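**Q** Okay, here's what each chain looks like letter by letter:
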Amino acid sequence: MSLTLDLFTVAAVSLGAVFFLAGTLGLLRFPDTLSRLHALTKADNLGLGLVVLGLLPQVASPLGWIGLIAVWLLALLSGATAGQLLAGAVRPPEWARLTAPGPGKDTADD
Amino acid sequence: MTSALAVDAVLALLIFGLALWINAARTAYGAALGFMAYGLLLALVWVRLAAVDVALTEVALGAGLTGFLLLGAAARLAPDASFDAVGVSGKGSRFLIALLCAVVAVGLAAVVLVLPDPAPTLAPLVHANLARTGVGNPVTGVLMAHRAVDTLLETLVLIPALIGIWSLSSDPDWGGRPGSLPDLSSNGPLTLLAQVLPPFGILVAIHLVWVGAEDPGGKFQGAAVLAAMWVLVLVAGLGRAPRVTSQASRLLLVLGPLVFVGIGIAGVWLAGAFLAYPEEWAKPLILAIEAALTLSVALVLGLLLAGPPVADGGGVEPRP
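As they're listed, the protein sequences go chains A and B.
Numbering-wise (our numbering), the first sequence opens with residue 1 and increments by one.
Numbering-wise (our numbering), the second sequence opens with residue 1 and increments by one.
Chain A on its own, in the form it takes in the complex:
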């Protein structure tokens, strides 16, 4: 049983590492900021999620599970917000007309 769990951990953490590697490659190689953001947040969301998923069987106490999952959820929340902020800051002005309610003040003055 513990061998199965260990194998699961190795598989999930390795898969998470692959996502981080792919995200880093994308961050370095993608042509524009929005695509790079996509690569970066993908690494955060899926990569960290898989690493956390893989580590769960290695933690004995339910408090440890909650802690690990909380780390992932908080990273999701802050990553999504940071992504939105960056995307808003680099959004070309002509896109503003395409979105329904007027553009935010923060995007208008840069």
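Some hints here could point you the wrong way.
Some, not all, of what chain B presents toward chain A, calculated at C-beta under 10 angstroms [said to hold, decoys possible]: (1) 36; (2) 39; (3) 41; (4) 180; (5) 189; (6) 190; (7) 192; (8) 193; (9) 197; (10) 200.
These aren't lab readings, by the way, just hints derived from the structure by calculation.
Quick caveat, the model's predicted, so the values are computed rather than measured.
Here a beta-carbon is modelled for each residue, glycine too, at the ideal position from N, C-alpha and C.
We have chain A already, so just place chain B on it with the hints.
**A** Chain B in isolation, oriented as in the chain A frame:
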């Protein structure tokens, strides 16, 4: 063992490379971002050296708060223009800075390398007397009992720093609210984050202060998290920083140092020396000082980031 050595070597090389990159960075923005990443890597080094307390402080204050201040300074100077174009610093002076940094680094390395083996240490003495302080974390024991004078001065020095920033305001602006934080109040995702994150942040901060007695953590780390939550709320426009003339805010600013000094002076009669604690009361007194200092330090850190006051009409307006 060898894999740990490999990780350490990669970490050291990364930090060294990043240090060179920061000095060679073409924009102030890039250099400030590099500095923040540098702080995060440095924290990993402290963890590898089993100094988790230092690592937490490095992340919260070194990378987070200082990085934020540097980013703000870079945004004011010239965020995207290169150093050479705006004449912030020429190649010569930057080379000189790098050289001086290298001299300091080599000097420190030399000092560490010429230490006698075993190095002179007070650690066994601290270990032998830790039980008398009532706390289980040797770092907290040293900071709050054995070297309490240092800690007192460290917390007091934050107030002159804030006065220094406040005195950068012009006369008509005095009495206004701090105005250096960006106003992102119309940004939906940020507003959501500023509504969802603070409860968790406050819990984490209380946890950091509370476990500081037994495990890595403490008032500075907890206060930095509290300050971050407050600044998030301010930037999202969900709250406003107090006016610099606000009596309540000033009272909270000096509450921690006052409690610290008060208990310290009481120690003259109760325990025979300034900043000494009566033995059976050591832990409750230390916790009381830590709790009061956490609030004061959090407010100071937040106000340091919020910057000098500007007259009404500027700064962050409340949401309608």
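**Q** If you test the structure against every hint from before, which numbers come out violated?
**A** 1, 2, 3, 4
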